[in-house]
Amino acid sequence: KQEVTQIPAALSVPEGENLVLNCSFTDSAIYNLQWFRQDPGKGLTSLLLIQSSQREQTSGRLNASLDKSSGRSTLYIAASQPGDSATYLCAVRTGAGSYQLTFGKGTKLSVIP
Amino acid sequence: SAVISQKPSRDICQRGTSLTIQCQVDSQVTMMFWYRQQPGQSLTLIATANQGSEATYESGFVIDKFPISRPNLTFSTLTVSNMSPEDSSIYLCSVGLGPTEAFFGQGTRLTVV
Chain A
1 KQEVTQIPAA LSVPEGENLV LNCSFTDSAI YNLQWFRQDP GKGLTSLLLI
51 QSSQREQTSG RLNASLDKSS GRSTLYIAAS QPGDSATYLC AVRTGAGSYQ
101 LTFGKGTKLS VIP
Chain B
1 SAVISQKPSR DICQRGTSLT IQCQVDSQVT MMFWYRQQPG QSLTLIATAN
51 QGSEATYESG FVIDKFPISR PNLTFSTLTV SNMSPEDSSI YLCSVGLGPT
101 EAFFGQGTRL TVV
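These protein sequence lines are chains A and B, in that order. Taking the numbering used here, I'd label the letters of the first sequence as residues 1 to 113. Taking the numbering used here, I'd label the letters of the second sequence as residues 1 to 113.
There's no promise every hint is true.
[What the hints assert, rightly or not] With beta-carbon atoms standing in for the labels, derived distance ranges:
{"#": "1", "chain 1": "A", "residue 1": "Lys42", "chain 2": "B", "residue 2": "Pro71", "range": "33 to 43 Å"}
{"#": "2", "chain 1": "A", "residue 1": "Gln2", "chain 2": "B", "residue 2": "Gln38", "range": "39 to 49 Å"}
{"#": "3", "chain 1": "A", "residue 1": "Pro14", "chain 2": "B", "residue 2": "Asp26", "range": "19 to 29 Å"}
{"#": "4", "chain 1": "A", "residue 1": "Glu15", "chain 2": "B", "residue 2": "Pro85", "range": "31 to 41 Å"}
{"#": "5", "chain 1": "B", "residue 1": "Ser27", "chain 2": "A", "residue 2": "Pro14", "range": "38 to 48 Å"}
{"#": "6", "chain 1": "A", "residue 1": "Asn18", "chain 2": "B", "residue 2": "Pro71", "range": "20 to 30 Å"}
{"#": "7", "chain 1": "B", "residue 1": "Pro67", "chain 2": "A", "residue 2": "Ser53", "range": "17 to 27 Å"}
Calculated from the structure, these hints are not laboratory results. Every residue, glycine too, gets a C-beta built ideally from N, C-alpha and C.
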């Protein structure tokens, strides 16, 4: 059974700092990995999707990496801003024919002005 | 991408009653998914809803407790029946555009008193 772990559970940083969020998964046979942002009352927003054949994806100040063999992904946020404060979720899809996502519990990020 | 509208955004309900959550998508999709996020926990898939067929429930979830309708390719409902305080959670509707990127509604925050 796939299990996804996110460390740390919470993180507080001053504005402008670069930071890394970590995600690990137990079964390396994944189809893809997706990072989401969750804001209270606003559901989940997809940030980056990495296919199993890819090593990284970038969008603006966000960069996500994937090391499938070691079961790890990182989300790098450059020059953090107070608006980045949210809970960040990592989710893996196990197979090409499977639509099911397995989620971690998330990392709650607070960026202090 | 897909835009998903979910109603209601939040509700406070009496134990023993039922609540129906609606999910509307701005495009036709084959599969829709319902997730539950209990306080402090990760998202857990409740069921997969295909248009024109019975929903497929994950282990630990049953149709009598969480009946689902899927009358067409853009709409689905999830009912939480005979509610107890343990049902207090965020319920989220999701769609996948092929087995790749997943999109979520804003969620329904349910409190059972």
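Each hint tested on the structure:
| no. | hint | verdict |
| --- | --- | --- |
| 1 | A:Lys42 / B:Pro71: 33 to 43 Å | 27 Å, violated |
| 2 | A:Gln2 / B:Gln38: 39 to 49 Å | 19 Å, violated |
| 3 | A:Pro14 / B:Asp26: 19 to 29 Å | 39 Å, violated |
| 4 | A:Glu15 / B:Pro85: 31 to 41 Å | 39 Å, holds |
| 5 | B:Ser27 / A:Pro14: 38 to 48 Å | 41 Å, holds |
| 6 | A:Asn18 / B:Pro71: 20 to 30 Å | 48 Å, violated |
| 7 | B:Pro67 / A:Ser53: 17 to 27 Å | 39 Å, violated |
Violated hints, in rising order: 1, 2, 3, 6, 7; the structure is consistent with all others.
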